[in-house]
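Please model the entire structure based on the sequences and the hints provided.
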Amino acid sequence: MTGFVDIRNVRLSYGQAGDETLALDGLDMSIQEGEFAAVVGPSGCGKSTLMKLATGLITPQEGSVEVAQKEVSGPVSIAGMAFQNPSMLPWRSTLSNVMLPLEIVQPHRANLRREKAAYTAKAEELLKLVGLGGFGEKFPWQLSGGMQQRANLCRALIHDPALLMLDEPFGALDAFTREELWQVMRDLHAEKSFTVILVTHDLREAVYLADTVFVMSARPGKIIERREVSFPRPRSIDLIYEAAFNDIVHDLRALIAEARVAA
Amino acid sequence: MTSSRWIALAPWLWTIGLFLVWELAVKIFNLPVFILPAPTDIWEAIVKYWSPIWKNSVQTLFTTVAGFLLAVVGGLALGLAIGWSRAIYAGLYPLMIGFNSIPKVAVVPILVIWFGIGTIPAVLTAFLIAFFPIVVNVATGLATIEPEMEDVLRALGAKKLDIMLKVGIPRSMPYFFGSLKVAITLAFVGSVISETVAANSGIGHMMLAAQSQFNVPLVWAGLVALAVLGIVMYAIMAWLEIRMTGWAHRGNRS
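Heads up: the sequence lines are chains A and B, in that order.
Here the first sequence stands for residues 367 to 629, numbered as in the numbering used here.
Here the second sequence stands for residues 327 to 580, numbered as in the numbering used here.
It should be emphasised that the hints constitute simulated quantities derived from the structure, not laboratory data.
Don't take each hint at face value.
To be verified - Capping the alpha-carbon separation at 20 Å, the derived lysine to aspartate or glutamate pairs in EDC-like fashion look like this:
| id | chain 1 | residue 1 | chain 2 | residue 2 |
| --- | --- | --- | --- | --- |
| 1 | A | K488 | A | D526 |
| 2 | A | K418 | B | E476 |
| 3 | A | K588 | A | E469 |
| 4 | B | K485 | A | E469 |
| 5 | B | K486 | A | E469 |
| 6 | A | K418 | B | E472 |
| 7 | B | K492 | A | E503 |
| 8 | B | K492 | A | E469 |
| 9 | B | K486 | B | E472 |
| 10 | A | K418 | B | E349 |
Below you can see the structure in the form of structure tokens.
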């Protein structure tokens, strides 16, 4: 069965010939449409490389990457990305930051001027959905870190991407804000049912949010475990204090500890 | 009086203080006018020679601003080119460093051979000296785009030009406007150097002529005129900077 994102036997190395670092070797993963996948692993295992692969920012030396049944050979504009650093542009209002992708991606780019009002309404609605209603006119530096990260999620979603790529988006936030944003993310996924690949160090975050958790080995990275998380949705935040939840976290933690020793 | 009022007054108080100390020192040590004229002597010279000072100041201001504007256009263009492409950066940067290391006074004779003495060498010297900080600053602004931001946009299919227009150029504007303050003061240095070496007008030429006639107060009056022009132009650039890139100076307002 083919998935929405299919990565087959990918090998990828950085650097000049003779002095290269093998980042990924024999990487295989398949993610279904609408699935929420999390990727965890020891640091430096090539998780961020995986992000760039799936969005077509880099192409593998061996193996293939398919998104939506199409071989990826260049940037796939059906993806939205958000990183740990919100990287809002300080000269634009929050609303205008959120709408930035519309100025790039077709067909929105061509329609933006004509249907400005409709697009603005859409962006405002999205901001409201993440709890930033009424903050559109504020500049990013007037927002807290958590609020900037919410706006960052909106920017990643404004062009209705079929695939959302998240690279430790909540890593720099305090514990309470992080839990709040987990719930924001949970609700966004429930409402819009896009496919998500979340790269994270936080095992509880992975287990709470994802349908499937992939564990990567140390460099060169490959998938050493695929773990389905079958807690019913919608998941209450109290789930993270339950025994069944903690068992999964423990198992994953042990796997990563092993992978680190092997490195 | 509140402390913010004192801060607003401080530049005036310090300037007046400097002239007072200067005046007193000249009087106490009884310094001859050809060593150090007192501010009152300089003021007298300014009043007496107002017409030539004014005419030459206008000339110097004109050559400086013309050279500065050329430097803005050229610096912006070259800065964007250098920030745009690594190959252009790698190729041009060493050349620019070498070029910038040449004392500009050494270039004036060559300019005189090409264009004769007068306005054109002064404009070009101002241009040559003011151009470098603009290039470096614009290129720095472009070269320091956050890689995450670039990835976000490239994944959406943004072309290099999109990234430059949406992120790179707005981002480099605070650097650019900041460099204008440095560039305008350097432009004065350039034009006066050239006027001193090869010109029939301008403050530099006027000072050289006054020196040859031992009119020391007039030499000093020329310096004061340059200082005033410099401060006014700097203030205009600083105002422009705040006006155009207020978002980068938010710390001062909140």
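Checklist entry - Does the structure keep A/K418 and B/E472 at a Cα separation of 20 Å or less? => result Within the cut-off at roughly 16 Å; holds.
Checklist entry - Is the hinted pair A/K418 and B/E349 satisfied, with a Cα-Cα distance of at most 20 Å? => result Not satisfied, since the Cα-Cα distance of roughly 70 Å exceeds 20 Å.
Item to check | 20 Å Cα cutoff - pair A/K588, A/E469 | outcome: Cα-Cα ~36 Å, so violated.
Checklist entry - Given the hint that B/K492 pairs with A/E469, does the C-alpha gap stay at or below 20 Å? => result Distance ~9 Å between B/K492 and A/E469 Cα, so the pair holds.
Checklist entry - Taking 20 Å as the top limit, are the C-alpha atoms of B/K486 and B/E472 close enough? => result holds (14 Å)
Next on the checklist: Hint check: B/K485 vs A/E469, CA-CA at most 20 Å. Holds or violated?
Outcome noted: holds (12 Å)
Item to check | Distance restraint between B/K486 and A/E469, which requires alpha-carbon spacing of 20 Å or less | outcome: holds (14 Å)
Next on the checklist: Against the 20 Å threshold, does the CA-CA distance of B/K492 and A/E503 hold or violate the hint?
Outcome noted: holds (19 Å)
Checklist entry - Is the Cα-Cα distance between A/K488 and A/D526 20 Å or less? => result holds (11 Å)
Item to check | Given hint B/E476 paired with A/K418 - CA-CA distance at most 20 Å | outcome: Holds. A/K418 to B/E476 sits at ~12 Å (cutoff 20 Å).
Hint compliance for this structure: hints 3 and 10 are not met, and every other hint is.
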